[in-house]
Amino acid sequence: MASQRFRKVLVTGAAWLFGLFWALPLFYALWAAFHPSAFATHFDLTAPLTLQNFVNAWHAAPFPRYFLNTILLVLGIMAAQFVICTLAAFGLARWKFFGADVLFGLIMVQLMVTPDVLILENYRTLQKLGLIDTLTGVGLPYVASAFGIFLLRQTFKSIPKELDDAARMEGASTLQTIWRVYLPLAKPVYVAYGLVSVSYHWNNFLWPLIVTNSVETRPLTVGLQVFASVDQGVDWSVICAAALMTSGPLMIAFLVFQRAFIQSFLRAGIR
Amino acid sequence: MQPRRNSRLNIHVQGWLLALPAIVLLASFTHIPAVVTVIDSFYSTPRGRVPSSFIGLDQYHAMLADPIFWKAFNNNLLYALITVPVAIALALGMALLVNGHIKGRTALRLAFFTPTILPMVAAANIWLFFYTSDYGLLNQIIRGMGFANVNWLGSTSTALWSLMAVTIWKEAGFFMIFFLAALQQVPPDLYEAARMENVGRWTVFRRITWPLVMPTTLFVAINALINAFRIVDQVIAMTGGGPNNASTLLLFYIYQVAFSFWDSSYAAALSTVLLLLLGGVALAQFYLLDRKIHYR
Numbered sequence: 038m039a040s041q042r043f044r045k046v047l048v049t050g051a052a053w054l055f056g057l058f059w060a061l062p063l064f065y066a067l068w069a070a071f072h073p074s075a076f077a078t079h080f081d082l083t084a085p086l087t088l089q090n091f092v093n094a095w096h097a098a099p100f101p102r103y104f105l106n107t108i109l110l111v112l113g114i115m116a117a118q119f120v121i122c123t124l125a126a127f128g129l130a131r132w133k134f135f136g137a138d139v140l141f142g143l144i145m146v147q148l149m150v151t152p153d154v155l156i157l158e159n160y161r162t163l164q165k166l167g168l169i170d171t172l173t174g175v176g177l178p179y180v181a182s183a184f185g186i187f188l189l190r191q192t193f194k195s196i197p198k199e200l201d202d203a204a205r206m207e208g209a210s211t212l213q214t215i216w217r218v219y220l221p222l223a224k225p226v227y228v229a230y231g232l233v234s235v236s237y238h239w240n241n242f243l244w245p246l247i248v249t250n251s252v253e254t255r256p257l258t259v260g261l262q263v264f265a266s267v268d269q270g271v272d273w274s275v276i277c278a279a280a281l282m283t284s285g286p287l288m289i290a291f292l293v294f295q296r297a298f299i300q301s302f303l304r305a306g307i308r
Numbered sequence: 024m025q026p027r028r029n030s031r032l033n034i035h036v037q038g039w040l041l042a043l044p045a046i047v048l049l050a051s052f053t054h055i056p057a058v059v060t061v062i063d064s065f066y067s068t069p070r071g072r073v074p075s076s077f078i079g080l081d082q083y084h085a086m087l088a089d090p091i092f093w094k095a096f097n098n099n100l101l102y103a104l105i106t107v108p109v110a111i112a113l114a115l116g117m118a119l120l121v122n123g124h125i126k127g128r129t130a131l132r133l134a135f136f137t138p139t140i141l142p143m144v145a146a147a148n149i150w151l152f153f154y155t156s157d158y159g160l161l162n163q164i165i166r167g168m169g170f171a172n173v174n175w176l177g178s179t180s181t182a183l184w185s186l187m188a189v190t191i192w193k194e195a196g197f198f199m200i201f202f203l204a205a206l207q208q209v210p211p212d213l214y215e216a217a218r219m220e221n222v223g224r225w226t227v228f229r230r231i232t233w234p235l236v237m238p239t240t241l242f243v244a245i246n247a248l249i250n251a252f253r254i255v256d257q258v259i260a261m262t263g264g265g266p267n268n269a270s271t272l273l274l275f276y277i278y279q280v281a282f283s284f285w286d287s288s289y290a291a292a293l294s295t296v297l298l299l300l301l302g303g304v305a306l307a308q309f310y311l312l313d314r315k316i317h318y319r
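Taken in order, these protein sequences are the chains called A and B.
Counting with this note's numbering, you get residues 38 to 308 for the letters of the first sequence.
Counting with this note's numbering, you get residues 24 to 319 for the letters of the second sequence.
Just chain A, same shape as in the assembly:
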């Protein structure tokens, strides 16, 4: 028994060491961000704590505007995805309409061929639509999401048809039925999908990098990259502060709603 206890201590110790090692880059960034630049690379427990790096980063680049852009972007995409994917998913889940199976197969292609694989053609399309350097342009290719349609279709299929029929008997139209019967029952799935969508688009980089070229449209990720790549005299403390700041809201949301986040990623499977 003693050897078993010893083994347990050993495993626990190793696990902690591994966890610490895993979090090391993050701790290092936190250290640099919350201490004066002079202490960025040497460790001294008496080093004073400061928020100055965050203040400097906030003023050194138009981060307030970037935050606004990202928030508008992620909420806009999520709202549009909810509407468009719900409609398509409902049709595909409930009605055997002509060509529905082929259509579903074609929609699923997008799971593989995401808009960022076709950057050049999609950029040209946006040019024709006059949507370069607009938030609409950043979001538009992602609005009809195969993943969302798939997820909601599976959910709607599991909702008993009798509920649907009952609503129809009372004279509800298709849209009213969706609104009154399907949406409330699928609420957890919408929460999951929403969290996945928001975290994906908060972090998305390549497509917004290509489409945006002004402060008014740049989301945080692109703003951070512009900020970090312009020669800052490489003040790592400020760059770390900026990096943490851009991830901040999502991180805090994650810490608060940890369980919901993890459930969502599990439910959603693919980001």
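It should be emphasised that the hints constitute simulated quantities derived from the structure, not laboratory data.
Each residue gets a CB set at the ideal place from its N, CA and C atoms; glycine is no exception.
Do not rely on the hints blindly, as some may be mistaken.
Computed cross-link-like contacts, SDA-like style, restricted to lysine to any residue with a CA-CA straight-line distance of at most 25 Å [unchecked claim]:
| id | chain 1 | residue 1 | chain 2 | residue 2 |
| --- | --- | --- | --- | --- |
| 1 | A | 45 | B | 35 |
| 2 | B | 94 | B | 284 |
| 3 | A | 224 | A | 211 |
| 4 | B | 94 | B | 266 |
| 5 | A | 45 | B | 284 |
| 6 | A | 45 | B | 225 |
| 7 | A | 224 | A | 197 |
| 8 | A | 224 | A | 169 |
| 9 | A | 224 | A | 51 |
| 10 | A | 165 | B | 283 |
| 11 | A | 133 | A | 212 |
| 12 | B | 126 | A | 293 |
| 13 | A | 224 | A | 252 |
| 14 | B | 126 | A | 212 |
| 15 | A | 45 | B | 229 |
| 16 | A | 45 | B | 209 |
| 17 | B | 126 | A | 44 |
| 18 | A | 194 | B | 283 |
| 19 | B | 94 | B | 269 |
| 20 | A | 133 | B | 37 |
| 21 | A | 198 | B | 269 |
| 22 | A | 133 | A | 200 |
| 23 | A | 194 | A | 153 |
| 24 | A | 45 | B | 207 |
| 25 | A | 194 | A | 149 |
| 26 | B | 126 | A | 214 |
| 27 | B | 126 | B | 74 |
| 28 | A | 165 | B | 74 |
| 29 | A | 224 | A | 214 |
| 30 | A | 133 | B | 35 |
Covered stretches of chain A (in silico footprint by chain B; criterion: 3 or more residues with CB under 8 Å from a CB of chain B, positions within the stretch not fixed) [what the hints assert, rightly or not]:
| id | region |
| --- | --- |
| 31 | 48–54 |
| 32 | 59–69 |
| 33 | 82–95 |
| 34 | 103–114 |
| 35 | 141–150 |
| 36 | 168–181 |
| 37 | 281–288 |
Keeping the supplied structure of chain A fixed, place chain B upon it in accordance with the hints.
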């Protein structure tokens, strides 16, 4: 009751109408551009007054003779071959660790999962600092152990591997949650029985755990593989494909050819290769993975 005759026709019309907005958007940003990309790859890039003309497979011949393409292609294969298995093995290890009764389980889960939430660009910048050659933490540790400084991102022999480390760091925690979910589905009486029989830990893992998490492993592997061929953020943020194209990857090269060199037809040919690769993964998924396992 309304007459049923009408509603049958209605279903076809309404079904298509409901799906219409999604169809239009998907066609405009996925299907049509994919087809146009393939067609474009058979034409030359218009330059100044010279309009685009049909050149057959010339772009592909040029591609076969393009050392940077081969560098990107081989780098990407290596990237996938290393990061996917390593991230999966680490993820399974993490899941096994935090699935049991271990002190500080919540903190450990958090340590493993947090990198997943960070935007790749933010993670990349944090790691840039971590890798800095004179005073980065990594080199401080290495010097402390008595070794010489390594220029992680600036040397052709380490740049790609340094990027791989960031990818693994970001992905392992994400995959961990899938394994955690799978482990929680394993019937406890199986482990109970194994303990009664006094079976060793390794045998328990090999005979019970591993086979039962196999569907999860496949599912995660396929998704990781798809991601591996679309990796670009950390290349842009950390190395710009350098030094001397040592860390270039397919999507990054496409991005460069399309938006720095403005050679649109060559970019189309490169994109076609990427589409074929992704199509290959899709086929593998179709044959290997019974989707019902995960998507009831």
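Worksheet item: Out of the numbered hints, which ones does the structure contradict?
Response: 1, 5, 8, 9, 13, 14, 18, 21, 23, 26, 27, 33, 34
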